[in-house]
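Everything in the sequence shown is counted per my numbering, starting at 105 for the first residue and increasing by one.
Hint data in this document are derived by calculation from the structure and do not stem from the laboratory.
For each residue, glycine too, the CB sits at the ideal point set by N, CA and C.
Please note that a few of the clues may not be correct.
[As the list claims (entries may be wrong)] In the DSSO-like style, the derived pairs of lysine-lysine whose C-alpha atoms are separated by at most 27 angstroms in a straight line are:
1. Lys256 x Lys146
2. Lys321 x Lys217
3. Lys321 x Lys256
[Claimed, not checked] The calculated label-pair distances, taken between Cβ atoms and stated as ranges, are:
4. Ser142 x Ala183: 20 to 26 angstroms
5. Gly147 x Val182: 26 to 32 angstroms
6. Lys321 x Ala282: 25 to 31 angstroms
7. Val182 x Asp254: 33 to 39 angstroms
8. Val182 x Glu231: 20 to 26 angstroms
9. Val182 x Arg248: 43 to 49 angstroms
10. Gly138 x Gly245: 16 to 22 angstroms
11. Gly147 x Arg248: 15 to 21 angstroms
12. Glu224 x Leu139: 37 to 43 angstroms
13. Arg319 x Ala228: 19 to 25 angstroms
14. Ala227 x Gly171: 17 to 23 angstroms
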Amino acid sequence: MTKGPSADPGVIDLLGLLAYAELGSFFRLADDAGLAPSLRGKGQLAALAAAEQAHYQTLRDRLEELGVVPEEAMEPFVAPLDAWHERTEAQSWLESLVKTYVGDGIAGDFYRKVAALADEETAALVEGVLAETGRAEFVSGAVRAAVAEDPKLAGRLSLWARRLVGEALSQAQHVAVARPRLAALLAEDAQGSSDATALGDLAAVSRMFASLTDRHKARLDAMGLSA
105 MTKGPSADPG VIDLLGLLAY AELGSFFRLA DDAGLAPSLR GKGQLAALAA AEQAHYQTLR
165 DRLEELGVVP EEAMEPFVAP LDAWHERTEA QSWLESLVKT YVGDGIAGDF YRKVAALADE
225 ETAALVEGVL AETGRAEFVS GAVRAAVAED PKLAGRLSLW ARRLVGEALS QAQHVAVARP
285 RLAALLAEDA QGSSDATALG DLAAVSRMFA SLTDRHKARL DAMGLSA
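All chains, please: the whole structure from these sequences, using the hints.
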């Protein structure tokens, strides 16, 4: 990878946002590992947490290559991401698993979409960081087994998943308003110009999330839940 401080400001924001998200995922998966009801589950979730930490380190390294202090790139996203997690605090181990799969999944789709509008190097890096490491299979299998054992869980977890999507959209809109140089990547693609208004950036984010519903439905189906 090339080294230099001249990266697009929107790319720096994207990498900073994703780095903090990966760091948060590491801590949540580590917590879930401790709460897993079986030794096998504990080991699998611990391995997934380790993969998230490795992804975080990859993003840190890239930011440093670009001449950016990683913590400074992440700092603008600490408050909005922490606020989202506070609003969507899981009340059980299963709810936490659904949050990891649905919340992180739809956010990952969003990051990929944004990265695809950046340079090829950034797009490839983000795609590698977001590559599935077995999380989908573990979570969908655990939730489906729990629902099969207690069918009443399906309705509650489906409602929880819908809430997560709504909160994710709200979070993205908040970030778009606060970090217009990141949202401008979307607006440039949508409008053919980087000279976009904050309202235009916000609309572009909303349209992007609306386009992610098919993958969201597939995740719900995998867990035996309804949209």
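Consistency of the hints with the structure:
1. Using a Cα cut-off of 27 angstroms, the hinted pair Lys256 and Lys146 holds, with the two alpha carbons roughly 25 angstroms apart.
2. Distance restraint check for Lys321 and Lys217: the Cα-Cα separation of roughly 18 angstroms lies within the 27 angstroms cut-off, and the hinted pair is therefore satisfied.
3. For the suggested pair Lys321 and Lys256, the alpha carbons sit about 20 angstroms apart, so the restraint of at most 27 angstroms is met.
4. Distance hint for Ser142 and Ala183: a CB-CB separation of about 36 angstroms, inconsistent with the stated range 20 to 26 angstroms.
5. At roughly 30 angstroms, the beta-carbon separation of Gly147 and Val182 lies within the given 26 to 32 angstroms, and the hint holds.
6. Roughly 29 angstroms separates the CB atoms of Lys321 and Ala282, a value that falls within the hinted 25 to 31 angstroms.
7. Look at Val182 against Asp254: about 37 angstroms separates their beta carbons, and that is inside 33 to 39 angstroms.
8. The beta-carbon spacing between Val182 and Glu231, approximately 25 angstroms, falls within the hinted interval of 20 to 26 angstroms.
9. Our hint of 43 to 49 angstroms for Val182 and Arg248 is violated, since their Cβ atoms are close to 34 angstroms apart.
10. Taking the beta carbon of each, Gly138 and Gly245 are about 19 angstroms apart, inside 16 to 22 angstroms as hinted.
11. Evaluation of the 15 to 21 angstroms hint for Gly147 and Arg248 yields a pass: the beta carbon distance comes to about 20 angstroms.
12. Under the hint 37 to 43 angstroms, the C-beta atoms of Glu224 and Leu139, about 40 angstroms apart, fit the expected range.
13. Between Arg319 and Ala228, the C-beta spacing of about 20 angstroms keeps the proposed range 19 to 25 angstroms intact.
14. A hinted range of 17 to 23 angstroms for the beta carbons of Ala227 and Gly171 is consistent with their spacing of about 20 angstroms.
The structure is inconsistent with the numbered hints 4 and 9, although it conforms to all the rest.
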